[in-house]
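Visitor: Chain by chain, the residues:
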Amino acid sequence: MHLTAGVTARSSPQQPAADDAIIVADDISRAFNGSMAVNEISFEVRRGTILGVVGPSGSGKTTTVRMLTGTLARTGGEIRVLGEDPAKFSRRARGRIAYMPQLFSLYEDLSAQENVGFVAALYGIGPWRRRRLIRRALEVVDLYDARHRLARDLSGGMQRRLELACALVHGPDVLFVDEPTAGIDPMLRQSIWDELRALRNEGRTLLVTTQYVSEAEYCDRVALIVDGELVALDEPEVLRQMVFGGDVLQIDTTRAADPDMLASVRGVTRVRQTAPRQLFVTVDDAGSLTPQIIDALRQAGVEVAGIEEHQPTFDEVFTGLVEQRRAARGPRDEARGRPEPAR
Amino acid sequence: MSPAVRSIGQSIVRMGSFTGKELREVIRRPGVLVSLILGPFVIMFIFGLGYSGYREPFATEIVLPPDSGFPTEPDYYASLAPGRLDVRGVTDDRDDAEQRLRDGTIDLLIIAPENAAAELRAGRQSTIRVAWNQIDPVYDQLAGLATSILVSSLNAEIIEQAAAEGISFAEAELEPDVPSVPPEVIARPTTAATENVAPTDPAVLNFFGPAVFALVLQHLAVTLTALSMVRERLSGQMDRFRVAPVTSMELLIGKYIAYAVLSLGVTAIVGLLLVGVLGVPLLGGWLVFVGIVLLLTFASLGVGLLISLVADSERQAVQLSMLVLLASVFFSGFVLPVSDFAEWTQYLAYALPVTHGIATLQEHMLRGVVSSTWMLWVLLGIGAVLYLGSLIRLRRVLKSAD
Chain A
1 MHLTAGVTAR
11 SSPQQPAADD
21 AIIVADDISR
31 AFNGSMAVNE
41 ISFEVRRGTI
51 LGVVGPSGSG
61 KTTTVRMLTG
71 TLARTGGEIR
81 VLGEDPAKFS
91 RRARGRIAYM
101 PQLFSLYEDL
111 SAQENVGFVA
121 ALYGIGPWRR
131 RRLIRRALEV
141 VDLYDARHRL
151 ARDLSGGMQR
161 RLELACALVH
171 GPDVLFVDEP
181 TAGIDPMLRQ
191 SIWDELRALR
201 NEGRTLLVTT
211 QYVSEAEYCD
221 RVALIVDGEL
231 VALDEPEVLR
241 QMVFGGDVLQ
251 IDTTRAADPD
261 MLASVRGVTR
271 VRQTAPRQLF
281 VTVDDAGSLT
291 PQIIDALRQA
301 GVEVAGIEEH
311 QPTFDEVFTG
321 LVEQRRAARG
331 PRDEARGRPE
341 PAR
Chain B
1 MSPAVRSIGQ
11 SIVRMGSFTG
21 KELREVIRRP
31 GVLVSLILGP
41 FVIMFIFGLG
51 YSGYREPFAT
61 EIVLPPDSGF
71 PTEPDYYASL
81 APGRLDVRGV
91 TDDRDDAEQR
101 LRDGTIDLLI
111 IAPENAAAEL
121 RAGRQSTIRV
131 AWNQIDPVYD
141 QLAGLATSIL
151 VSSLNAEIIE
161 QAAAEGISFA
171 EAELEPDVPS
181 VPPEVIARPT
191 TAATENVAPT
201 DPAVLNFFGP
211 AVFALVLQHL
221 AVTLTALSMV
231 RERLSGQMDR
241 FRVAPVTSME
251 LLIGKYIAYA
261 VLSLGVTAIV
271 GLLLVGVLGV
281 PLLGGWLVFV
291 GIVLLLTFAS
301 LGVGLLISLV
311 ADSERQAVQL
321 SMLVLLASVF
331 FSGFVLPVSD
341 FAEWTQYLAY
351 ALPVTHGIAT
361 LQEHMLRGVV
371 SSTWMLWVLL
381 GIGAVLYLGS
391 LIRLRRVLKS
401 AD
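Here the protein sequences come in this chain order: A and B.
According to my numbering, the first sequence is numbered sequentially starting from 1.
According to my numbering, the second sequence is numbered sequentially starting from 1.
Calculated from the structure, these hints are not laboratory results.
Source: prediction; values computed, not measured.
Quick reminder that beta carbons are idealized off the backbone N, C-alpha and C, glycines included.
Heads up, a few of these hints could be off.
To be verified - Label-pair distances were calculated between CB atoms; the ranges are:
| id | chain 1 | residue 1 | chain 2 | residue 2 | range |
| --- | --- | --- | --- | --- | --- |
| 1 | A | 188 | B | 14 | 31 to 39 Å |
| 2 | B | 250 | A | 149 | 23 to 31 Å |
| 3 | A | 127 | B | 392 | 30 to 38 Å |
| 4 | B | 377 | A | 76 | 44 to 52 Å |
| 5 | B | 309 | A | 142 | 52 to 60 Å |
| 6 | B | 231 | A | 312 | 41 to 49 Å |
| 7 | B | 10 | A | 27 | 50 to 58 Å |
| 8 | B | 247 | A | 142 | 29 to 37 Å |
Work out the full structure: start from the sequences and follow the hints.
Guide: Structure (structure tokens):
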């Protein structure tokens with residue numbers, strides 16, 4: 001699916017398209033037994049940015065990541081990562097890539113340090129350099145003190161961080177991180193995202209999947225995938241505005257207000273009454289229109305008790321995007337998945 | 001409903017949950033079911049069809065002194081112990097025949113007394129010397145049994161001949177000493193002096209020690225490799241390997257080295273226990289011993305890899321490893337000699353690394369030499385073919401998941 005809004009312009013996917021497009025997916029598809037798991041998705045990820053791939057369980061996020069890493073063959077489209085086709089990655093390209101799988105796949109009978117060391121050795125890092133890199137990777141994820149503990153004795157959150165340390169140990173330029181926060185408590189999720197953003201700040205490129213839509217705000221750009229199709233792709237704030245058609249004002253009044261009172265105000269695109277004395281008003285520009293709205297209500301005999309700009313949550317944003325898509329496609333999609341709200 | 005009855009009911013429900021879960025798990029893994037039911041059946045079927053129960057007669061040579069008076073036709077001696085002796089020849093060159101016995105060309109050597117008639121005239125039993133070269137305690141006993149039958153038949157033959165020829169025979173042979181011949185000499189004109197010329201005592205422990213060792217080594221390598229690769233596949237590690245700049249050859253060789261080290265560790269421990277504690281002889285050198293162990297490990301790892309490529313779960317990998325063990329116990333010569341099976345079954349036996357491991361380790365430890373060097377080449381061949389097959393398959397798996 002090609003998006004008309006929010007898609008970065010790019011050149012041919014045969015080359016590292018733009019000067020800093022590290023990951024380029026062009027109409028990529030994957031079918032399983034005739035059913036499309038991923039259907040003609042296109043996007044780019046620029047150097048030093050995080051692309052968050054958000055969507056409900058089973059929407060095609062992991063399939064997309066696996067195609068991008070070359071661990072799953074695609075049935076259509078073109079992919080370039082670091083300028084190479086993942087199906088034919090050179091050793092050099094592989095050495096610059098890291099993949100953190102969705103499931104814990106490390107060795108339970110090895111210690112945290114040994115697991116990281118094993119992965120470092122897979123990248124050909126010799127014993128002396130390895131020691132230093134293992135230490136650094138474990139320190140980044142705050143596991144250095146637990147380095148001698150067996151992986152099976154680590155908590156679920158620590159195991160995810162250990163996976164991340166394994167992905168980081170060889171200093172990759174590009175990281176594919178599949179559901180790093182799945183099943184993890186909110187505090188730890190925040191700390192994992194802090195680590196991912198720190199990596200981004202070091203100039204690394206990350207593609208991170210998550211089913212928690214609230215985590216979209218940590219990303220530079222967000223791709224919403226539903227039922228294997230790309231529903232939206234842009235910066236989080238742009239998506240927020242895209243859904244609601246502008247800024248949203250939450251207005252509390254001293255007595256019941258009629259939404260039609262504001263219909264005549266230019267720049268007001270939508271008025272929604274959520275309670276007798278509460279209105280949600282969508283406007284082109286909250287800063288300039290707020291005084292006019294207050295005046296219009298006063299003229300109708302309604303005093304404003306409070307007014308503030310409402311920041312819709314990403315749960316609301318993505319629910320809105322999915323609903324918009326379903327409305328555009330018709331009722332056949334009604335029964336299909338919704339993004340999972342933040343827990 | 002009383003609390004006790006309810007508690008029993010709930011307990012039954014809980015037990016039922018496990019029963020249902022286990023049955024569903026097994027049924028939904030058709031591979032496990034197939035190996036569970038078909039595997040042992042196929043092995044027993046092959047065993048039933050392939051085991052002939054026919055034990056080859058001992059390859060025998062007769063040494064007759066030039067004027068011993070004994071018949072010179074090989075068939076005559078074969079008929080004395082029907083089905084037990086395959087008389088390959090009659091010769092008067094004892095040294096050559098003894099050499100052939102030592103180098104394993106023949107199994108049994110019968111040396112007739114030089115002066116049988118004179119001994120009989122003197123009222124003494126003649127002694128037939130019978131030698132064999134067996135490290136297998138079962139064959140040792142069978143050789144003794146064949147010798148007893150041979151001598152009994154020979155005595156019976158002489159007595160029968162005497163009875164047929166009557167007094168004229170006795171007069172001709174024994175005159176004038178007939179009265180002085182003791183009755184036991186008349187009853188048993190000949191007796192046997194037996195000797196096993198094998199360099200080690202054919203004790204049960206000596207013989208089966210190397211066999212158990214080979215079997216353990218193969219089972220260890222097969223099971224560990226099969227489980228290890230299946231785990232890598234099922235845990236998702238393969239995706240990590242696909243992304244990392246690691247090749248299938250590096251992966252395989254790394255694993256081979258690990259299991260070679262493990263095998264050497266096991267070899268060191270079990271070898272010391274066998275030789276140092278249990279007293280099993282090691283006539284050959286340690287270096288060749290380690291070489292055989294490494295070859296056996298190499299070939300067994302290939303079998304483990306083969307299992308790991310066809311098994312769809314750890315459970316099935318264990319199942320298939322146990323089937324290999326079962327087949328090894330039946331067909332490898334561990335219990336029954338490979339030669340007891342039909343020829344086509346012997347091909348199956350020789351496809352098992354342990355068959356060659358048992359034979360060569362027994363030879364090396366108990367004889368000090370490996371005469372069947374072709375078995376070492378076969379071990380190398382099995383290992384190389386399975387390694388290459390696994391390498392090709394793994395390369396395909398690592399390239400990209402379908």
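Visitor: Next, verify each hint and record whether it holds.
Guide: Status of the hints after comparison with the structure:
| no. | hint | in the structure |
| --- | --- | --- |
| 1 | A:188 x B:14: 31 to 39 Å | holds, 35 Å |
| 2 | B:250 x A:149: 23 to 31 Å | holds, 28 Å |
| 3 | A:127 x B:392: 30 to 38 Å | holds, 31 Å |
| 4 | B:377 x A:76: 44 to 52 Å | holds, 50 Å |
| 5 | B:309 x A:142: 52 to 60 Å | violated, 40 Å |
| 6 | B:231 x A:312: 41 to 49 Å | holds, 46 Å |
| 7 | B:10 x A:27: 50 to 58 Å | holds, 57 Å |
| 8 | B:247 x A:142: 29 to 37 Å | holds, 34 Å |
Going through the hint list in order, the structure does not satisfy hint 5, though it satisfies all others.
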